[in-house]
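Student: Listed here are the chains, written in short residue letters.
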Amino acid sequence: MTPEPAIGAVLPERQYTPDNVQLMLYNASLWNGHRIHFDLPYATEVEGYPGLVLAGPMLGDWLHQTVDEWLGDAGMITSVSYSNRGATYVGETLTATAAVTAYDAASGALELEVGIRNEAGEVVAPGTIGATLFAAAD
Amino acid sequence: MTGLISAELLTNIGRQSKPQREIVTRRDIRKYAVATGNRQRKYLDGDVAPPMFHVPLFWDVVELDQLTPDGVSIDTLLPKFPLERAMAGGLDIEYLMPIRPGDWLTSVRTLTAIYEKAGRSGSLIFYEIIMDIRNDDDELVIREKTTRILR
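From first to last, the protein sequence lines are chains A and B. Numbers given in our numbering equal positions in the first sequence, counted from 1, plus 1. Numbers given in our numbering equal positions in the second sequence, counted from 1, plus 790.
Hints are supplied without guarantee of correctness; some may be wrong.
Now the in silico label distances, taken between C-beta atoms and shown as ranges [as the list claims (entries may be wrong)]: (1) 797/B to 106/A: 29 to 37 Å; (2) 798/B to 48/A: 28 to 36 Å; (3) 74/A to 929/B: 17 to 25 Å.
For the record, the hints were derived by calculation from the structure and aren't laboratory data. From the three backbone atoms N, C-alpha and C, an ideal C-beta is built for every residue, glycine too.
Given the sequences, and given the hints that come with them, work out the whole structure.
Tutor: Spelled out as structure tokens, the structure:
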């Protein structure tokens with residue numbers, strides 16, 4: 002699918018409900034041994050979290066996926082800027098959102114506002130993504 | 791400003807890590823794509839790396855006795871700060887070239903900024919680290935800036 006960007010266009014959302022296995026595999030793929038991600042008694046009793054904490058960069062990855070699936074082979078992500086504003090936990094369902102905020106048809110440059118929203122409706126990871134649409138083949 | 795940041799602390803700006811050179815493998819791309827719930831076949835098959843694949847590629851591999859009791863590796867690039875509690879931070883990444891299996895990539899991390907701001911409940915210290923990732927032709931592939939806040 003070739004995206005037809007219009008400013009204000011809202012991309013399809015995607016929901017994520019990561020479980021212990023996914024969180025373990027994610028941190029294993031990094032070599033991240035931080036106990037708050039896999040040691041429930043430590044996370045709750047020592048650190049005082051309500052559950053196993055989702056890794057911040059995993060939410061960062063999800064910001065990209067919504068845009069990257071929409072772009073398909075018609076373009077590529079060139080930049081991202083985001084922050085993790087609050088902790089999220091195994092058991093939560095998180096929603097990745099994206100909307101086009103700027104588009105320059107001449108250069109193909111796109112800007113999108115992206116975010117990860119929790120079930121309470123709070124944006125726990127707001128950001129912006131820059132992308133470029135490749136010129137259509139003649 | 792309460793002047794938490796000493797002149798001595800500022801001398802750490804410009805500190806650089808030793809270059810870290812790693813090879814990209816199809817297997818590592820596949821593992822990362824699966825673990826992040828990616829749905830695109832080109833990533834699940836490891837033909838090309840998804841955005842943020844540099845995060846697992848350059849995560850520090852330290853030995854067990856170098857981990858803190860909570861399982862964290864200590865970032866040796868950082869000096870001792872007068873505030874210790876880390877708050878949420880941010881990432882700014884530029885993607886300049888695609889990453890594929892067989893690519894050798896080298897990262898260098900530089901502590902580029904230390905500054906102070908007044909927060910609602912006292913002073914905050916910010917620091918920034920820029921990681922440049924280059925290929926063997928010395929082309930910049932990814933530039934990532936991490937901003938962390940201490941309170």
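Student: None of the hints should be skipped; say for each whether it holds.
Tutor: Consistency of the hints with the structure:
A C-beta distance of roughly 51 Å is found between residue 797/B and residue 106/A, which places it outside the suggested range of 29 to 37 Å. Between residue 798/B and residue 48/A the Cβ separation comes to about 32 Å, which falls inside the hinted range of 28 to 36 Å. Hint check: residue 74/A to residue 929/B, Cβ distance near 23 Å, so the stated range 17 to 25 Å holds.
Checked against the numbered hints above, the structure violates only hint 1.
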